[in-house]
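Chains as they are written, first to last, in this note's numbering: chain A, 149 to 614; chain B, -9 to 191.
Please keep in mind that the hints were generated in silico from the structure rather than gathered at the bench.
None of the values given here were measured: they were computed from a predicted structure.
Facing chain B, from chain A, some residues (calculated, C-beta under 8 Å): (1) R171; (2) L172; (3) R231.
All residues carry an ideal CB built from backbone N, CA and C; glycine is no exception.
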Amino acid sequence: MAEKFTLFDKIWNEHVVCVPAGRLPLLYIDLHLVHEVTSPQAFEGLRVAGRRVRQPERTVATVDHNIPTEPRGTPIKDPIAARQIGALQQNCRDFGVPLFDMDSSEQGIVHVIGPELGLTQPGMTIVCGDSHTSTHGAFGALAFGIGTSEVEHVLATQCLHQRKPKSMRIDVRGRLGEGVSAKDLALGVIGQIGIDGATGHVIEYTGEAVRGLSMEGRMTLCNMSIEAGARAAMIAPDETTFDYMKGRRFVPRDWDEAVVRWRALASDPGAAYDATVEIDASLLAPFVTWGTNPGMIAPVDGRIPEVSDLKADRPAVERMLEYMGLEPGTRIEDISVDRVFIGSCTNSRLEDLRAAARVAKGHRVAPKVRAMVVPGSQAVKHAAEQEGLHKIFLDSGFEWRESGCSMCLGMNPDILQPGERCASTSNRNFEGRQGRGGRTHLVSPMMAAAAAIAGHFTDIRNWRFR
Amino acid sequence: MKPIRIHKGRVAPLHRANVDTDQIIPKQFLKRIERTGFGEFLLFDWRRTSDGKHDPSFVLNHPRYAGASVLVAGKNFGCGSSREHAVWALEDFGFRVLIAPSFADIFANNCVKNGVLTVVLSEDEVGEIARRAAEIDDYEITVDLEQCKVHDDHGLTAAFQIDEFTRHCLLEGLDDIGLTLQHEAEIAAYEARHAAPISPI
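Just chain A, with the same shape it has in the complex:
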């Protein structure tokens, strides 16, 4: 009987350059995405060693992490941020790397523009000095985050020494209910397997609920997989994938041939995984995180759990609740918010903005709430404006800003003040992530928009759409 391979095996095997004796396999990298924060020391390392970028045509850079979301052309007030952006511009010039700069119509969050431009393709190996590189796995690519030393390694060699991770299949049965989004599925997975539940593994998502997701939804799901510790996550490409990609700028010119090749990128029936997890989609609800890691979730119609009901150790949970300013037993819908952030590489694509705008339409942001919408890219911003989504947001009292990572990690001026509570469509609710003392609750775009209007979390399943 022929050997059976998973999708992950197939991509891995295709990219092993050689296995030197006594060393880890050398893996070829098809696409290297670069941004301003994790690359300056890598380029400097090349300079010091007198090395060049081996494959500038497989390398693409943009600015996203530290840039302001004020109107373009506004001078960057933070001199250290400006210097970091200047360093990337200089490095791209010196080493011949294409850059989608601040003023480019292609600029955006690196994990939004890769797919949007057709750079992200099935079967590829993709790396970036950013943990959310797992996003690109939505196209059936092997995509993972690396540190700056590895960025330098890829720039110099287009390869990485990698130990082959284990494989994990997460099979999502049934369908997601009304008001339950890909974000809720992602949070549900993390809640079930834990924030280190997939450490050392590459996840492949399968099942009816996953097949039913749009590419945007699949990206949200793969994006958050790092929050379960996964090395990468992937979904086999299908018609949904090809429909999304067709006509995009950097897709292969021999399109039909490429699609034939990509169709073979599926796990063989009966292929073995190191671990398998089953999720029942019909049991998922719109979730709200209440702690300081993404595994601490509660359904919006639930309550903050009692400390004794949790597996985590007591001091850790008590510390979390103290940081978050919450009491066990509190109804989630009774938690009010000060700020709302709709954006990030998790939830800033056109579909996310459409979902939030549908909720916001005809309503007003609650008086005490400051709510901002930060599109993932200039292309998303432009497309949203073509549809009039910005009008809906502005008329409802949301701020409509320029593209970037923004308040997901608060490297730019968009941060929470100490004690402020935020409903955020981003991916991490760690202590201080959005600003020292800031309290982050992770939710879907619909839930975030609804919280902005109600002034507190509210069940989107009961929303009065106008």
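We have chain A; now place chain B onto it with these hints.
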């Protein structure tokens, strides 16, 4: 990269689970384009009060752990962001060895690239080392990468596992870009067989 073979040093306990890299080095320090000088910002929000002063109640600020070069921590240490600045901060602060029940993948890779050894021991062993660090004055531990063993002067011994390539790189302090470039012929052959999948940019 500095080789590491046998390291003996003072132990500081940060016995919490899931210490993320946002905590280890907060975002405001990631704008620097240098690779050095991150130590003073290590665990900034925990080590310092909101007015920027050292918080005497935080474990790493306690005089008994001054000069520690071994950090013992809870499971899933280094989870979250891929920022290598977290390792640069730990290393610049003086840590050469980290001991925990588990480490996040990207963080562990980043440690190897900087000559920082991550030692995985059982929850019980980690708990015992953390207890001894807190209770025994001037508590030191010896980490022997040649033998893959840990021991102290009070009878504790433990063995750990590490893959052979990582061990080799750490023992020799190897620049692995140099190693990879020895395979120029194989890489070039691979590239000749695989056309770039992206239309020209």
